[in-house]
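Residue numbers (our numbering), protein chains in the order written: chain V, 1 to 573; chain Z, 1 to 308.
For the record, the hints were derived by calculation from the structure and aren't laboratory data. It cannot be assumed that every hint is accurate.
[Said to hold, decoys possible] Under the rule of at most 25 Å between Cα atoms (straight-line distance), these lysine to any residue pairs were calculated in the SDA-like manner:
id, chain 1, residue 1, chain 2, residue 2
1, V, K538, Z, D275
2, V, K538, Z, H270
3, Z, K247, Z, P220
4, V, K538, Z, P220
5, V, K538, Z, E95
6, Z, K247, Z, D275
7, V, K538, Z, A83
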Amino acid sequence: MTDLGTRLPRPSPAGRGPGRGARLLPLAWAAATFALLAATAPAQGIGRDESVYLVAAESYASFWGELARSPRAALAVLDRAFTVNREHPPLAKEVYGATHALFTERLAWTSHLQGARLGAFAFGALLSALLAAAGLELAGLAGGLLAPALFWAVPRHFYHGHPAALDQPIAALWLAVVLAYRRSLAPAPTRAAALGRAAWAGLAFGVALAVKHNAWFLPPLLLVHWAAASALARWRGERATPFPLAFPAMALLGPAVFFASWPWLWRDTAARLGAYVGFHLHHENYSWHYLGTLLREPPFPIEYPFVVTALTVPATVLLAYVGGFAHSAWRFVTSSVRVPSVHPERSPAQPDVVEGRTDTASPADELLWLLNALFPIALIAWPTVPHFGGVKHWLPAMPFLALLGARALAAAGRALWPARGGAVTAALGLLTLAPAAWTVAHIHPYGTGAYNELTGGAPGAATLGMQRQYWGDAPVGVLAALDAHAAPGARIWWQETTALAVRAYQRDGRLRADLRWADAPEEADLSLWQFHQEFRDKEYRTWTAFGEARPVVVLALDEVPLVMVYARRGAWR
Amino acid sequence: MKIAPPAAGALSGARAVAALFAAAIAALSIHGIVFLAALPSRLPSASDWQRVAARLEREAQPADAVALAPWWAERARAVLPAALPVLAFPRLAGEDLPGIRRVWVVALPSAPGGTGLVERDLAGRGTRAVAAERVGALALSRFDLAEPVLPLSQLSERIDGASASLMGRPCPRDGGGALRCPGRAGAHVSREAREVDLLPRVCLVIEPPPAAGPLTLTFPAVPLGRTLRVLTGIVGETPQQADAAVKVGIALDGRDAGETEERPGTPGWHRTDVDSAALAGRPATLTFTVRAGRGHPRPICLEAYALP
Chain V
1 MTDLGTRLPR PSPAGRGPGR GARLLPLAWA AATFALLAAT APAQGIGRDE
51 SVYLVAAESY ASFWGELARS PRAALAVLDR AFTVNREHPP LAKEVYGATH
101 ALFTERLAWT SHLQGARLGA FAFGALLSAL LAAAGLELAG LAGGLLAPAL
151 FWAVPRHFYH GHPAALDQPI AALWLAVVLA YRRSLAPAPT RAAALGRAAW
201 AGLAFGVALA VKHNAWFLPP LLLVHWAAAS ALARWRGERA TPFPLAFPAM
251 ALLGPAVFFA SWPWLWRDTA ARLGAYVGFH LHHENYSWHY LGTLLREPPF
301 PIEYPFVVTA LTVPATVLLA YVGGFAHSAW RFVTSSVRVP SVHPERSPAQ
351 PDVVEGRTDT ASPADELLWL LNALFPIALI AWPTVPHFGG VKHWLPAMPF
401 LALLGARALA AAGRALWPAR GGAVTAALGL LTLAPAAWTV AHIHPYGTGA
451 YNELTGGAPG AATLGMQRQY WGDAPVGVLA ALDAHAAPGA RIWWQETTAL
501 AVRAYQRDGR LRADLRWADA PEEADLSLWQ FHQEFRDKEY RTWTAFGEAR
551 PVVVLALDEV PLVMVYARRG AWR
Chain Z
1 MKIAPPAAGA LSGARAVAAL FAAAIAALSI HGIVFLAALP SRLPSASDWQ
51 RVAARLEREA QPADAVALAP WWAERARAVL PAALPVLAFP RLAGEDLPGI
101 RRVWVVALPS APGGTGLVER DLAGRGTRAV AAERVGALAL SRFDLAEPVL
151 PLSQLSERID GASASLMGRP CPRDGGGALR CPGRAGAHVS REAREVDLLP
201 RVCLVIEPPP AAGPLTLTFP AVPLGRTLRV LTGIVGETPQ QADAAVKVGI
251 ALDGRDAGET EERPGTPGWH RTDVDSAALA GRPATLTFTV RAGRGHPRPI
301 CLEAYALP
């Protein structure tokens with residue numbers, strides 16, 4: 001009789017699994033990810049959300065600094081410090097505030113924007129490290145190499161790796177919680193070790209909660225996993241895993257970390273928690289362009305996140321994801337019906353890491369991957385959940401799809417040529433990643449406008465009537481032109497770009513300080529129309545106000561306009 | 001304990017699936033690389049645009065317009081001669097194109113996302129007078145409309161002579177030429193380019209006051225033909241159920257001639273044809289009476305033209 005298929009893997013047999021060098025792979029991936037994101041970040045503009053988070057980050061950091069110096073003084077300004085962006089928990093912003101305080105304020109090594117974003121790159125590095133570690137475990141060296149690559153070789157994922165925002169951090173932490181939970185299921189050598197693993201799961205959950213509200217869905221999802229896997233085990237005549245200690249640990253440590261990291265809740269707790277919950281339960285529906293129609297009110301199309309995923313993930317990576325998901329589903333089904341009778345010494349959680357040999361899959365493990373690859377997407381598919389923002393709202397699913405895709409590629413490589421499985425997998429990985437990486441490089445920094453080659457790229461998506469972009473960061477591409485040509489003191493209407501973002505550009509010297517803010521095109525000398533079909537009326541109002549439908553600058557992605565700059569007579573020199 | 005070797009059948013099945021998977025990956029990879037490599041040559045360069053602009057500068061005439069195919073190629077606005085109206089419409093079927101006799105089509109024939117719908121729509125209402133000529137990655141052709149819509153008069157161009165009143169009180173003209181009604185509700189009438197059902201329309205924008213009214217708009221001495229075509233639509237985002245319906249009554253020389261209504265949930269640029277044959281050939285007074293129903297009133301876009 002075996003356990004629930006949850007024991008931790010041991011080093012792979014036959015000496016073909018990860019060696020010492022491979023064990024450094026997660027660190028190498030983390031370093032490479034950090035460096036790549038840092039190098040490519042300056043080109044990327046400041047989105048609407050990020051502009052608010054930047055202000056919040058500095059505000060929160062000043063509170064914690066003051067708390068260390070003078071607790072009484074800090075507590076006196078607590079409310080003021082945490083009022084900004086109080087609808088989202090603070091931890092990611094506190095990290096951004098800390099990196100900004102250290103690298104920009106204290107060391108003066110970076111611009112203000114880059115200083116805050118260093119925290120975001122750290123979350124990206126964490127995600128890569130976790131994916132590499134999980135990939136190594138699931139599919140050996142190929143898995144460790146391919147899993148992070150399959151995640152980052154998607155333009156929209158790469159885009160979300162840069163801003164000091166919440167979407168990429170919660171994707172990393174979702175994965176961290178699931179991996180910690182999975183580890184907590186494995187039999188531990190001692191009671192202390194078991195408690196330690198559970199505590200890690202609880203802490204990871206707390207950190208995730210303190211980053212974004214998506215994390216509240218994790219305990220129910222993992223409970224479903226445990227209950228389903230237990231039922232399956234009983235059906236198979238196996239001994240089910242006892243109630244995991246991870247759950248009480250999450251119940252205790254999750255709220256503790258959440259509360260400790262968020263001083264806003266230290267006062268008037270019930271009312272402020274209620275406001276936080278209320279904000280997310282009644283989130284506003286933003287208009288959104290989808291297949292030629294504007295989505296404004298529920299019910300929204302259930303297929304939306306699946307279609308958007310299919311249209312935006314590069315085709316080869318998409319196939320790897322789908323293949324990985326199907327492979328996992330197949331392993332789940334076949335392992336569920338298989339009579340467990342052999343190899344108790346081998347972890348069912350450990351997949352086919354040995355060339356030329358099929359493995360024994362663990363139904364519980366497969367179920368865990370499948371649930372986490374599907375649930376974040378299915379959640380957004382729910383017709384009353386607001387549909388906007390593209391892939392960022394189901395980003396937590398993507399690391400799991402990357403992981404399963406990496407394993408599927410490795411399995412295919414071994415199946416095709418058992419004696420040269422590594423080489424075949426490398427070739428498959430190269431074929432998968434080459435066009436995807438090219439696409440990432442081609443699209444950057446306009447990742448929210450990325451569509452795959454099956455869609456026809458940005459031109460094909462424009463014809464299909466898909467949302468062309470979002471978040472208001474594309475004007476980064478016209479800052480230089482504004483600096484060069486805008487009349488002194490010109491008032492600029494920035495449309496989707498926030499005043500906070502404009503101020504951040506000016507603070508870092510990327511935009512002339514004399515250029516002023518205008519609230520509407522009618523009040524402006526220059527109008528930056530960012531193509532949003534749902535706001536098209538504002539472009540036409542510009543034509544009326546300026547008496548002119550002829551832009552002075554067109555910023556386009558593959559000839560599809562993203563930003564058009566209109567100017568009143570005399571405002572463009 | 002050893003793992004039992006898998007059956008030969010299972011191995012060959014797995015290998016077949018793996019081969020299929022690998023083949024699909026390889027095919028998509030080649031497709032992706034070819035797509036990316038070829039994309040720049042499928043899209044126009046700055047010099048392509050300049051050459052087309054120069055040609056249009058030479059050959060375009062009054063009553064010409066440019067249609068874009070595909071419609072999103074709006075770089076044309078920045079490059080083509082300023083005097084040429086640019087029609088960035090996904091379809092041209094059903095569009096009156098008032099005042100336009102000839103339509104130049106600037107197409108990106110090799111670009112992804114081409115549909116050919118604009119050319120097809122134009123071919124259905126005229127003849128291709130200039131065959132498509134490649135200019136780098138652009139193609140230029142011209143269609144001459146068989147039955148151009150040539151208005152005798154167009155309302156949006158006559159606002160300077162119009163007057164308006166709200167519940168009998170006159171709405172004076174402001175410095176920008178708009179008619180602004182007294183009261184806090186902010187009712188006004190002005191000539192603007194605005195969005196109706198995602199497309200630009202130059203029209204008279206009327207912001208009716210909530211639950212007040214009627215707002216009356218009068219145009220004296222309008223030359224009429226056999227038909228008065230009235231077009232209306234809600235400005236901006238799609239009207240929702242909570243929005244008020246807006247009714248527009250039409251009177252010719254003081255006589256009721258029809259009514260049109262903009263209801264919530266019915267986006268579009270709606271056309272109402274009024275028989276004006278009895279007044280054809282002479283000027284008449286046109287009166288529009290605008291009433292908002294209960295709910296949040298939305299501005300409407302109103303245009304009308306007299307057809308021979």
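Where does the structure disagree with the numbered hints, that is, which hint numbers, in rising order?
1 and 4
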